[in-house]
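Visitor: In case you want the letters, here they are:
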Amino acid sequence: MTAIPLTFYLGLAALLFSIGLYGIMTHKSGIRMIMCIELMLNSANLNLVAFSSYTDTLHGQVFAIFSIALAAAEAAVGFAIFMAIYRMHDKINLDELNILRW
Amino acid sequence: MHINRLTALLVSLLFVAVIVTGVFGTSWNTVSELPENPADPSNIEGIGMLIFTQYVVPFEVLSIVLLASLIGAIYMAKGEGNR
Amino acid sequence: MVKTALEEFAFLIPLLPALAFAITFFFGRKMPSGGAIVPILAIAASFVISFMITLGLLANPEEVVNQSYSWFAVLNIGILIDPLAAVMLSMVSFVSLLIHIYAVSYMSHDPGRARYFAETALFTAAMLSLILSDNILQLFVSWELVGLCSYLLIGFWFEKPSAAAAAKKAFLTTRIGDVMFLTGIIVLTSDLLKVAGGFQEGVYLLRFDEIFSYIPQLSALQLNVFGFEISHLTIITLLFFGGAVGKSGQFPLHVWLPDAMEGPTTVSALIHAATMVTAGVYLVARTFPMFIAAPDSLMVVAYFGGFTALFAGTMGIVMNDLKRVLAFSTISQLGYMMLGLGLGTAIGLEAVGISLFHLINHAFFKALLFLCAGSVIHAVGTQDMRELGGVGKVMPITAATMTIAALALAGFGIPGTSIGTSGFMSKDPIIEAAYLFGEHSSNWIPYIFSIAAALLTSIYIFRLIFMTFTGKPRSNYHGHESPAIMTIPLSILALFALVFGAFTRTGFMNFLEETFANSFVNLDIGNLAGIGRNELVEAGGHEPLIVLWLPLIVALAGLAIAFVIYYLRAVKLGALASMKNPVYRLLYNRYYQHQIYTEFFSIGVVYGVIAFLTQVVDVIVDSIVEGIGIITVGVGEELRKIQTGVVQTYATAVIAGVSLLIILIKLIMEVL
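Keeping their order, the protein sequence lines are chains A, B and C. Those letters in the first sequence? Residues 1 to 102, by our numbering. Those letters in the second sequence? Residues 1001 to 1083, by our numbering. Those letters in the third sequence? Residues 2001 to 2672, by our numbering.
In case anyone wonders, no lab produced these hints; they're calculated from the structure. Just to be clear, a hint being listed does not mean it is correct.
[As the list claims (entries may be wrong)] Looking from chain C toward chain B, a few residues come up when the C-beta cut is under 7 Å (computed):
| hint | residue |
| --- | --- |
| 1 | THR2652 |
| 2 | SER2659 |
| 3 | LEU2664 |
| 4 | ILE2668 |
[Claimed, not checked] Each pair of labels, with its calculated beta carbon distance range:
| hint | chain 1 | residue 1 | chain 2 | residue 2 | range |
| --- | --- | --- | --- | --- | --- |
| 5 | A | ALA44 | C | LEU2667 | 25 to 31 Å |
| 6 | A | LEU70 | C | GLY2634 | 53 to 59 Å |
| 7 | B | ILE1071 | A | THR55 | 33 to 39 Å |
| 8 | B | THR1053 | A | ALA44 | 56 to 62 Å |
| 9 | C | PRO2111 | B | ILE1071 | 20 to 26 Å |
| 10 | B | ARG1005 | A | THR55 | 23 to 29 Å |
| 11 | A | MET83 | B | ARG1005 | 46 to 52 Å |
| 12 | C | SER2623 | A | ALA44 | 33 to 39 Å |
| 13 | C | GLY2627 | B | SER1027 | 56 to 62 Å |
| 14 | A | ALA44 | C | GLY2634 | 41 to 47 Å |
[Said to hold, decoys possible] Anything over 10 Å on all C-beta distances counts as not near chain B; from chain C, calculated:
| hint | residue |
| --- | --- |
| 15 | ARG2175 |
| 16 | ALA2656 |
| 17 | ILE2663 |
The structure presented is a predicted model; accordingly, all values stated were derived computationally and were not measured. Backbone N, C-alpha and C define an ideal beta-carbon position, used for all residues, glycine too.
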């Protein structure tokens, strides 16, 4: 059977990453940004799994599982922070949170 | 300050172009075909073996990180006003 | 040249005290009595090596020790021990050793004694390395090190404002001389490069033998100043003499020496006898061939020396502070040494002999005087002679040794025989040489100066003895004789002050005649004197009897005057020695030097100029500095707006940057 070449997986991952990037750059809402970050993380996971399969080892897939777990932790903490911010500002528009500049 | 959509699009396209060119322009040192194991198409058993043998320490550390972030998230989300 | 094994250890002479400095400085506090044993042993070893080398040289004065190593370019570091250096090395290490032993007891109650012993060890090391330098630059480096150590030691009790001020004064005053000395070295180097035709491999241009070999060419270089043709050699030697004036406390740079009393008495003894003020005399003696070949230089040296001898003596007779009298006495005696060197214009190389002989003898009796004064101060607790009196009863050894030192200083002895104190043996030749010079050139000023100074010397030193040791106590004090560790060095020095001159007189003179005629340098002094248009007289010895006896007569007269006034109290000096008498006031205020130097010159002129320049500089520099500040702030004000504080902007910039960087690297790799 004709298998899909490795480069296609990598290209798909790059595309996913760029979509996430575009989302981060354009959106103001913290929730949407976290979703975009998840997208970028998953594109990295896709790379890990693809390489793991094509080198016939399982280490990459183990790392993908770890990274999914860490993404969960990151998302949990991120949402908690946004809740705290929301309580202070009544919105979570990150471009207005610039009190640390200058 | 807001990044306008056109700039964001251009930067994203530039990035994807660079990455895709790099990906397709590289000869990857891997097996060319996806390996097939008809007898056992699943590799869950192998992953499980790896996690509990070679990667047991990172696994335990990860469990602590998850616990810590869980506690942290609960603390922050709960807030001071309604305890 | 036969190398004896001993010469191989010559480098240890300055190195051992320097090592002792390091050890005492870092570990002295943990050792008993401030680690004094380390410098004492090191200096004792230096003395043994120096003395053995001196003995070897005495047996064979032609074979001097000379080791030179290339430093960089045409400069070298090296060791030169000829008769001149050998006697200095032995004297310095010997006197310094005795002072160190004495200081173990003298400084026993001082909390900073580890620092004291470390600094005196460094002081001695610097002086020893100054003496055995074989080139003028190394001499200058050690010269500066000596100056630094004197600063540290005069300001040893730096918590006292007067000590800190005295240290600063000593440092700044000698600095004037040092700058002249350095200027002299620079002029000398550039002239040497001119006459030697640039750098040559393996030729150490600033080594003394090289310098001396170029004397005729240097003398031929002329500089036109206001229509007068002045030889470069004269300029160089006068600049060197300027350095010597600063270091040896000659008029007009002598003002630091009386103030240097603020340090511990042992430091005064070191400075005055062994390690510092003799450096200037040594410099002139070391470069004596240049001085004698330079027209007029030696005359300047003679006049300055003679005038200083008299000038300091006049101030010595009115001081009430024990140590200040001795300080002015040192200045006066250094004037004699300079005068002796300056008389080389008439008596040639013999001048080095008589001057250095006086230097060595002076070191013995002046160290003795200071240590005795220290003993009195240590026991009694005051150094004001008006409060002393009758100390001789409680401190017999100190009184006896100090009287011997006073006799040596005043120059008691019987002319025409070899009976006399060391001061007599060395001061009289200088006065006789001054007479010879006067007879030769009908210029009697140096002779008159030296005789008058001899009278003053006798008066002030016996005034000191009578006021301190005889009569009734003029205040309540509880004196006691000092411990043996202090009196033994006193006794040794007293022995030397008494008999050293008588035993070594002729041998010493002959020995030093070899300084400039040996395997290192071989110069015809008569020839050089011809270059300098100095006419040497044939050997003396035809002086009338009165010339031989006059120094003793004035010394006795001085003793008699002091005896009548200060022992018998037969003459009341109330009217004469009061502030109403303008002469007394002038002398007591030390010719208003403080007012002239410090208040008028330093504060008025120098501060004024600096204050004016500061204002000018303020306007220029401030506008530059503030302009830079304004530009920086303005640019920063604009640039900081890039930092929006919004995460998206940063992310965009990072991604765009990384992408462009990759493209750039790719392009560069394509090109390569």
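Visitor: Now tell me, hint by hint, if it's right for this structure.
Guide: Now for the hints, and whether the structure bears them out:
1. THR2652: Since the shortest Cβ distance to chain B is 5 Å, the answer is holds.
2. SER2659: 5 Å, holds
3. LEU2664: 11 Å, violated
4. ILE2668: Hint violated; ILE2668/C Cβ to chain B Cβ min 15 Å, cut 7 Å.
5. ALA44/A <-> LEU2667/C: 25 to 31 Å: 27 Å Cβ-Cβ, so the 25 to 31 Å window holds.
6. LEU70/A <-> GLY2634/C: 53 to 59 Å: Given range 53 to 59 Å: violated, Cβ gap about 46 Å.
7. ILE1071/B <-> THR55/A: 33 to 39 Å: 38 Å Cβ-Cβ, so the 33 to 39 Å window holds.
8. THR1053/B <-> ALA44/A: 56 to 62 Å: Distance hint for THR1053/B, ALA44/A is violated at roughly 25 Å.
9. PRO2111/C <-> ILE1071/B: 20 to 26 Å: 60 Å, violated
10. ARG1005/B <-> THR55/A: 23 to 29 Å: The hint (23 to 29 Å, Cβ to Cβ) is violated, given that ARG1005/B and THR55/A are roughly 39 Å apart.
11. MET83/A <-> ARG1005/B: 46 to 52 Å: Cβ of MET83/A to Cβ of ARG1005/B: about 29 Å, so the range 46 to 52 Å is violated.
12. SER2623/C <-> ALA44/A: 33 to 39 Å: 57 Å, violated
13. GLY2627/C <-> SER1027/B: 56 to 62 Å: 59 Å, holds
14. ALA44/A <-> GLY2634/C: 41 to 47 Å: 44 Å Cβ-Cβ, so the 41 to 47 Å window holds.
15. ARG2175: 62 Å, holds
16. ALA2656: Violated, since 5 Å does not exceed 10 Å.
17. ILE2663: Non-interface label on ILE2663/C violated, nearest chain B Cβ at 6 Å vs cutoff 10 Å.
Going down the numbered hints, you'll see the structure goes against 3, 4, 6, 8, 9, 10, 11, 12, 16, 17, while the others check out.
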